[in-house]
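Colleague: Based on these hints, arrange chain B on the given structure of chain A.
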Amino acid sequence: MSLKENLRIMIVDDMSVSRALIAQSLDEIGIKHYATENDAKVALGKLAANPVHLVISDMNMPGMTGLQLLRALRSAKTTQRIGFILITGTPSPDIVREGQQLGLNNLIRKPFTSATVKAAIESVVGKL
Amino acid sequence: MSTLNSIRDTFFEECEDLMADLADGLAKMQSGSADPETVNAVFRAVHSVKGGAGAFSLTELVAFSHQFETVLDELRSDRLKLQPELMFTLLRSADHLTVLIEAARDGVDVDAVVTQNSAAALRIWLKPSSDAADAPASASESFSFAAVTLDFGAFDQLNDTPNEPELKHYEIAFQPTATLFSNGHEPALLFGELSRLGTVSSTIDLGELPAWEEFDTTVPFMKWTLKLASTAEIDQVRAVFEFVDGLCKLNIVVAPMPVDQEALQFEASLPPAPAPLPMRQAVAEPIAPVPEKPSPAVKAASVSPQISDQHGPKPTLRVELDRVDRLINAVGELIINQAMIAQRVNEMPVTTDSEVVTYVEDYRLLARDIQEAVMAIRAQPVKPLFQRMSRIVREAADATGKSAQLLAFGEEIEVDKTVIERLADPLTHMIRNAVDHGLESPEDRIKAGKEACGTIRLSAAHRSGRVIISIKDDGAGLNRPKILKIAKDKGLIPQDADLVEADIDSLLFQPGFSTAQKVSNLSGRGVGLDVVRTAVTALGGRVAINSVPGQGTEFTISLPLTLAVMDGMVVSVRGQTMIAPISSIVETIRPALSEVHSVGPSSKYLSILGEFIPIIDVAASLGIAPNTSPSDPPLLLLVESENQSQCALIVDEVHDQRQVVIKGLEHNYRSVQGVSAATVLGNGQIALILDLDAIAFQRSAPEAPAEASPLTKGA
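In the order they appear, the protein sequences are chains A and B. If you use this note's numbering, the first sequence corresponds to residues 6 to 133, in order. If you use this note's numbering, the second sequence corresponds to residues 938 to 1652, in order.
Next comes chain A alone, as it looks inside the complex:
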């Protein structure tokens, strides 16, 4: 069984369009096990109970930003080792710096394509 078939990913984005686009990319890559979540706080609760391998999260969300989600994941035992890829349209130096401090695994810039998503995931988990 290949990595592609086992990798479990959670997509966190408040916009259904973005979720759909990421999901579409994952479909094209051939990743089967992914869940989507529209609220970072709910996602955090679910991840605490059922961790995944990798979280792909948007930066700008109401209530909790992507980096806040990352910080929360890193601060709990069960979730601190989850891989985290942040998606943002404006990767400002601040975001990059804070991301690095929190152990962000990778960053995808908007707009993205299936190829860039694949490359970003591969650089975190290895060849798909």
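None of these hints come from the bench; they were simulated from the model. Heads up, a few of these hints could be off.
[As the list claims (entries may be wrong)] Label-pair restraints from in silico Cβ distances:
hint : chain 1 : residue 1 : chain 2 : residue 2 : range
1    : B       : E1130     : A       : R79       : 14 to 24 Å
2    : B       : Q1342     : A       : E127      : 53 to 63 Å
3    : B       : A1389     : A       : Q105      : 31 to 41 Å
4    : B       : N942      : A       : Q105      : 33 to 43 Å
5    : B       : A1267     : A       : S97       : 52 to 62 Å
6    : A       : S7        : B       : N942      : 45 to 55 Å
Cβ coordinates follow ideal geometry from the N, Cα and C atoms, glycine included.
Modeller: Chain B in isolation, oriented as in the chain A frame:
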């Protein structure tokens, strides 16, 4: 690619919501009731539009929203202070963003100059040194991020956690008493507190929950078993429950075995048939709770620290309108079918069979329930429509050099979607009119002792089964002498006509009437208030004017809640079965002969409660042969028309009161004076629905040429 297209559709749908959020936030900022989160929300809305637009290569939209977003970002980070001029720019930018989104959706082009001007207006607010205002790409060109590869070995450790000396597994049995709740404690908060110590899973025991009939809301029946994986000492765990000590049964033990942690396994170590991770959800569907895995924790509800603030918009479902319309049509047929069955049963020789009668009654109630539920699907709040109107007010104020603000009330009122859609144009026109003709120039306003900025109040309210929408300005009021003069000059009324105020006001609705002496930018497009009235009447509504000199003018639109059904009184007129809308009927009377007074050769009045109310023969006004042997005294329907005046209509018989499905006449035949639509009765017969207001209006405007009714031929 069809998937991409459907995502694109979703994007534009989502844009509508985002633009509504944006308008909301901007309105708050304008009124000064904004908090930092409002600015954040506004920023996010524009940012999300940009993000989505980028995915679909809508470059113009990306460029403009980037500019907009940059200014909002400055504002959000307090580098820019909110001031009236900036607010002005933001509102105009939001308007333009809406235009761009609509253009992108419909695939039409927007005048590039307008976009450039709007973008330039935004750029003024950015410091020249700020290069963030440049093309969206430049700021991030230099960005690079060194990916951090995951060490999957770490995951395996996570599973069995053998080298975690400090990690303890607590099992907590928790059963609150009624006092716990009455003292204001909340288990969810306690669990949230607990989850700060580590990972919590909870199992709820509802075993003691009594049957519904015996349920006592004042007694708590729930018990929880909580599992906590934490490095904290037992005292720390106890401390969480310190404040509810004695208010609950509590038992904290250190579990001998690690609680089930969802193992993250790879390759061959996967369990034989693990259910996949929570199923993917279809894109446009409401977010359903992700199903739990069939692990031992299957009953466990995950408890997160945010348990108490998991509120958000109610889940919704987007459905194609066609499907709803098909459903509504089918339900309409169902109602007719139900009426037919009910009628047949009534006519059956053995109606003593009470069971059948009960079933038929149940069927009627059920059909009505279904129908109401279906109608509710089509009902939508007027808020988006009202939000569009504030944009119209701004545009109109800009074009006329006036200063105006819109105050909206009753935005939550729900009306049938079609009504809202078809109301957009007349409402736009009336709002423009209110700014253009209603409000005075700022100088005149100051002279009159008013604020320079005019106010237009747009409100929606429910009133006796109808929706009342009112547009009220605080302008100079109608200039009645001028209206009268223009009407005479244009030959709309005779030179010697002497009209009361209400009649002068209604001249505004006459085709070809326009008081603007010079054609302004906005009005004077050859579209008058008569078009507004036609549009509103087509929706089964009425427009009324009320104006006080010096204080302003109010237009009131009264609309039915739905276009599909109505409650009607079944009457017969000269052997024709007709329906009179219940909403206008005050009462039915058979007066004593002494109460009917003849005035002149043809007019009759009913004396009731000290008032004289005109009597109208429905048959005569519809052009049906008048009753040769009038039954004296006549049976009268006392109706109240839209302008609050009453009249009494002569009918031959009143049969029944029932809900009828409205079938438009215009599409199938043509518009008929005095008849608003038709319906199919239980016996399969077609009955006309009377337009009571039109019939009453006909009488009050006798100079109107009597229109030859097709009923004279048809009947």
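Colleague: Determine for every hint whether it applies to the structure shown.
Modeller: Cross-check of the supplied hints:
Here the CB-CB span from B/E1130 to A/R79 is close to 21 Å, well matched to the stated 14 to 24 Å. Taken as a hint, the range 53 to 63 Å holds for the pair B/Q1342 and A/E127, whose Cβ atoms sit roughly 55 Å apart. Under the hint 31 to 41 Å, the C-beta atoms of B/A1389 and A/Q105, about 54 Å apart, miss the expected range. For the hinted restraint 33 to 43 Å between B/N942 and A/Q105, the CB-CB distance of approximately 38 Å keeps it satisfied.
At about 54 Å, the beta-carbon gap between B/A1267 and A/S97 stays in the expected band of 52 to 62 Å. For the hinted restraint 45 to 55 Å between A/S7 and B/N942, the CB-CB distance of approximately 31 Å leaves it violated.
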